[in-house]
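Letter by letter, the chains look like this.
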Amino acid sequence: MTETPAGAVFGAAPTVGVPELADWLRRFAALVAAAKDELTALDAAIGDADHGVNLDRGLQAVVARLPELGAPGATPASLLKGVALTLISTVGGASGPLYGTFFLRLAGSLGDAPAVGPGELAAGLRAGLDGMAERGRTQLDDKTMVDALAPAIAALAAGLPAAWDEVLARSVAAGAAGRDRVTPLVARKGRASYLGERSAGHQDPGATSAVLLLEALRDALAPAGAPG
Amino acid sequence: MTETPAGAVFGAAPTVGVPELADWLRRFAALVAAAKDELTALDAAIGDADHGVNLDRGLQAVVARLPELGAPGATPASLLKGVALTLISTVGGASGPLYGTFFLRLAGSLGDAPAVGPGELAAGLRAGLDGMAERGRTQLDDKTMVDALAPAIAALAAGLPAAWDEVLARSVAAGAAGRDRVTPLVARKGRASYLGERSAGHQDPGATSAVLLLEALRDALAPAGAPG
Amino acid sequence: MKKLINRPEDLVEESLAGLALAQPDLLRVVAPGVVVRIDAPRRGKVGLVSGGGSGHEPLHAGFVGPGMLDAACPGAVFTSPVPDQILAATRAVDGGAGVLHIVKNYTGDVMNFEMAAELAAADGIEVRAVTVADDVAVQDSLYTAGRRGVGGTLLVEKIAGAAAEAGADLAEVERLARRVCDGARSMGVALSGCTVPAVGRPTFELADDEMEIGIGIHGEPGRARVPLAPAAEVVRQLAEPILADLPFRAGDGVLAFVNGMGGTPLIELHVVFGALHRLLAGRGITVERSLVGPYVTSLEMAGCSITLLRLDDELRRLWDAPVRTAALRWGR
Amino acid sequence: MKKLINRPEDLVEESLAGLALAQPDLLRVVAPGVVVRIDAPRRGKVGLVSGGGSGHEPLHAGFVGPGMLDAACPGAVFTSPVPDQILAATRAVDGGAGVLHIVKNYTGDVMNFEMAAELAAADGIEVRAVTVADDVAVQDSLYTAGRRGVGGTLLVEKIAGAAAEAGADLAEVERLARRVCDGARSMGVALSGCTVPAVGRPTFELADDEMEIGIGIHGEPGRARVPLAPAAEVVRQLAEPILADLPFRAGDGVLAFVNGMGGTPLIELHVVFGALHRLLAGRGITVERSLVGPYVTSLEMAGCSITLLRLDDELRRLWDAPVRTAALRWGR
Ligand SMILES: Nc1ncnc2c1ncn2[C@@H]1O[C@H](COP(=O)(O)OP(=O)(O)O)[C@@H](O)[C@H]1O
Ligand SMILES: Nc1ncnc2c1ncn2[C@@H]1O[C@H](COP(=O)(O)OP(=O)(O)O)[C@@H](O)[C@H]1O
Ligand SMILES: [Mg+2]
Ligand SMILES: [Mg+2]
Ligand SMILES: [Mg+2]
Ligand SMILES: [Mg+2]
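Residue numbers (this note's numbering), protein chains in the order written: chain S, 9 to 236; chain U, 9 to 236; chain V, 366 to 697; chain D, 366 to 697.
Don't read these hints as lab results, they were simulated from the structure.
The beta carbon of each residue, even a glycine, is placed where N, CA and C say it ideally should be.
Honestly, I wouldn't trust all of these hints.
Stated by the list, open to error - Just so you have them, the derived chain D footprint on chain U, three or more residues with Cβ under 8 Å:
id: 1; region: 42-55
id: 2; region: 71-78
id: 3; region: 133-140
To be verified - Over 12 Å on every C-beta distance to chain V, these chain S residues come out as not near it, computed from the model:
id: 4; residue: 38
id: 5; residue: 45
id: 6; residue: 60
id: 7; residue: 100
id: 8; residue: 101
id: 9; residue: 121
id: 10; residue: 125
id: 11; residue: 171
id: 12; residue: 185
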């Protein structure tokens, strides 16, 4: 596996290749592992207490496969497709197909390029988001992970070509704001919807894990903000 | 039902008739009702937590039938046989057949007499005890109701013809001493025996209810000691 | 957490292995989380596949066998299976006559079954799916995830299974499954929460004088927390929304299913059934068939659910048809 | 106390009424606490009567039907039936060929059945009794109440029931029942206590890291309180005393019965069964038949018991014979 430190390839014109993407996933896995109990507790309140466990199981499987998926000859698309299939095969529940579809569509939009620029990445994330919403028949304000990802990805696209780490930080902030914005709402999708009015006031577990995905992206691609 | 106050028939030469026996049973029922939770708690520790509930159910049935069982024409034997059959039909568990057999044999020993003297009563109680021990294949020190009843009935027979209420009081004391004497022992009969060594140190529920039977007898036949 | 398990991670596979050892004549485990009828695939027979999160035993693996399911694919506890499992099960039971997926209406289950069906179609297997959504505790709406699938699932599996066993084709089996979905309504109550082994704490806790009404089967909270009540009153609180929903009417004949959630013993379930029978009789509804027991459970949760299915000759005949599975057997 | 009941005093009768409504083809309640097979008495057939305290459902009433019991007489919760009930049941099933009483070895049960048998004899009914005492957690001794009857009771009822159904006479049915008593051994473990409804509090409480080993089925404490352990280790602690007692030997073929105590869900019981199967295989003992489920319960107690019965052709054939009861059915 390539051991290039994250961010080493960035300068004025950052490009995102296999090492950066692998780093993104590894960071996402670490953040989810650390937040596993919190995610599960959020899911216990309005779902079935498995979101943290499910995602953690899937991301551990992804991390275990990263050396193989990122081996010489890999492209961003091939790596992300492998990630998608691993998530689909190991997460289960609602979040497996949703995050799986997200990465599958993202992979599909990147073609055969060995590395992509910020614009292509933002467009790819947008395609992933659309796939996710399609798979889940999800609208904004349904109170799901989409409510965190949609504003974050919009902020990314809108922010370019400003300074990359600025844009990434703004994207995380937009995602977190989206997550919090829907907390007072009544859930309309997923298990939380069964609670009706009782779901209002509870933070959505999927929106919470989606913000971790955004934080991992920021940390992987903007070395300054990386905590480690 | 006869409403003669308890003890009214006693003087120097007490006799025990239907009203006194009915009073005995009514007092026994009241004492068991009051001690129901305690008996059940004792049974929870080394048995199955039903001794108080079982006996209380049976004695309530007995009390309900007393007017009928004590109606004109009744004899001590007919009354006690009715009590026995009622207990056998309503208590269940170990204590139903045991107390039932006790009263059945007691009844059988009294013949057709309209009332009996202390000596006949003591002999009848002895017959009841023998029947109980036979039915339960019980020996002394098995840690059962027999360990309370045996010394108490022996004290009764031995005490006569001393002052009746003295003798009754000594009988209760002997019963309570018997109950307490076997508390440190390992139970050999009934459910408590399943506990093996763990039964040692626990007071036996059946020996505890047997002492109530003796207290009720004292209160019914020795008006001075009657609390009400 | 007090459970008779080894490591939580191994629970589902170990339990399935135990089931297969206990039922060697009925089923085998062909891959992790894929339980298949011992004689599958049967040429020319429509294959029936169901699945969902584990923790609802005997649903679904306990219903694999002649006259019911051809395969079950249990996911992790309370987590839908993944497409790989569903695809493997679908392939294993396809006898050339197509496969019906019986899916409980949960977002995760629906999406994973959908993905598997797309993959199976790419393999040339004809797959249809019916979605069970019988829980009247959830408001039905086009704009939400809709109702949950709960106790009615067993009825769909039994009746569609009988039709498939008798040689009905895929369209006919699907039609019958939909008829059961259309005519079945359920609602449940919890007296205690339950503990997902990987989590180790109950998903919710109830005070000694509280019950949670309108619960699902995944330890989710219900629609309302109300005072604990006598069984007859609990039955009223469950049965009335059910009766009003279809609606069931005087003169109807029904199958009445009193389901234990796992921790409530049979002695109580029969009290509930007696109370339900009385309530229905009082409204002129006849209990023509019944089922009482812990069949669609939620781990060790205490509580029960009631499912009613309106019967007619066709459904009654298929319900009565022989079935031979680990958890349900009669006739032959 | 959180239970789906109305008044504790009415629990047993209401539950039996519910059972009879759910199983109208199988059984009826002919008097309080007397459940009789619908077609009893059958001329010339040996009648099988069992009974004991309630709280062990489906034992015994759930085993009334063709191929098993002719009558059951459940007492109050955890309290043996009274002679009146047993006598009424005995009369109701006597078809002229005599009646076998299957009695679990508890002082109360033994004495009440004895009294009923004396009364039945006075009626001219030939009654024999077998006492089931399979619990190896209790030291056997002539000077004590002896061992308890637990899980093995179901096996006696099934095998004697099959013999009676096939027309065996009273001596032969008794002989077979005794053969099962001789060859069956059991032991149980509790992860929680249970609450007798009339009492309202658990009979014992266990800390989160404790289990009670060697328990009976009446909420009695067991022989030792030990640390909670993984399922495989619990199975070892139950199986070793059982194996050593008969003893079971390499080369034996057994019926392995993993019984749930009421509050432990099926998913865990199958983990236990898998571990037991492995342990037995390791000692050269073959599981020829098995049964897994909550059959001889202790209200909502969490835990399980293991029963092993050494099989031979005769016992295996009778176990396999058809049975049709509320809780156990196969063949036909
Ligand atoms: N239809 C949907 N579209 C998008 N996201 C959804 C949808 N349904 C559920 N989710 C997200 O999935 C999260 C729950 O994931 P998880 O707990 O893993 O699955 P499950 O609900 O199957 O247990 C929710 O918090 C929500 O954000
Ligand atoms: N064989 C016996 N002989 C005499 N008394 C006995 C015998 N077995 C049990 N007992 C008494 O019965 C009491 C328990 O009665 P109870 O709880 O009503 O019956 P069960 O044990 O059937 O639940 C014990 O405390 C003991 O005193
Ligand atoms: Mg979840
Ligand atoms: Mg007792
Ligand atoms: Mg889930
Ligand atoms: Mg008892």
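* Does the region 42-55 of chain U contain three or more residues whose Cβ lies closer than 8 Å to a Cβ of chain D? -> holds (count 5)
* **Non-interface claim for residue 38 of chain S, where every Cβ of chain V lies beyond 12 Å** => With a cut-off of 12 Å, residue 38 of chain S remains clear of chain V, as the shortest Cβ separation is near 19 Å.
* Separation of residue 45 of chain S from chain V, once the least beta-carbon distance is taken, above 12 Å -> 9 Å, violated
* Does the claim that residue 101 of chain S lies outside the interface with chain V hold up, using a Cβ gap greater than 12 Å? -> Label violated. Min Cβ-Cβ 4 Å, cutoff 12 Å.
* Run the C-beta distances from residue 121 of chain S to all of chain V and say if the shortest one exceeds 12 Å. => 27 Å, holds
* **12 Å Cβ clearance of residue 60 of chain S from chain V** => Not fine: 9 Å to the nearest Cβ puts residue 60 of chain S too close to chain V.
* **Least C-beta distance between residue 185 of chain S and chain V, which was stated to exceed 12 Å** => 24 Å, holds
* **Beyond 12 Å from each Cβ of chain V, as asserted for residue 171 of chain S** => Consistent with the label, residue 171 of chain S stays out of reach of chain V, its closest Cβ about 38 Å off (over 12 Å).
* Taking the shortest Cβ-to-Cβ distance between residue 125 of chain S and chain V, state whether it exceeds 12 Å. => Check passes; 31 Å lies beyond 12 Å.
* Asked: Is it the case that residue 100 of chain S keeps its Cβ farther than 12 Å from each residue Cβ in chain V?
  -> 4 Å, violated
* Asked: Does the region 71-78 of chain U contain three or more residues whose Cβ lies closer than 8 Å to a Cβ of chain D?
  -> The restraint on the region 71-78 of chain U is violated, since only 0 of its residues have a Cβ under 8 Å from chain D and three are required.
* According to a criterion of three or more residues whose C-beta lies within less than 8 Å of a C-beta of chain D, is the region 133-140 of chain U covered? -> violated (count 0)
Figure legend: structure checked against the earlier numbered hints; hints not met, in rising order: 2, 3, 5, 6, 7 and 8.
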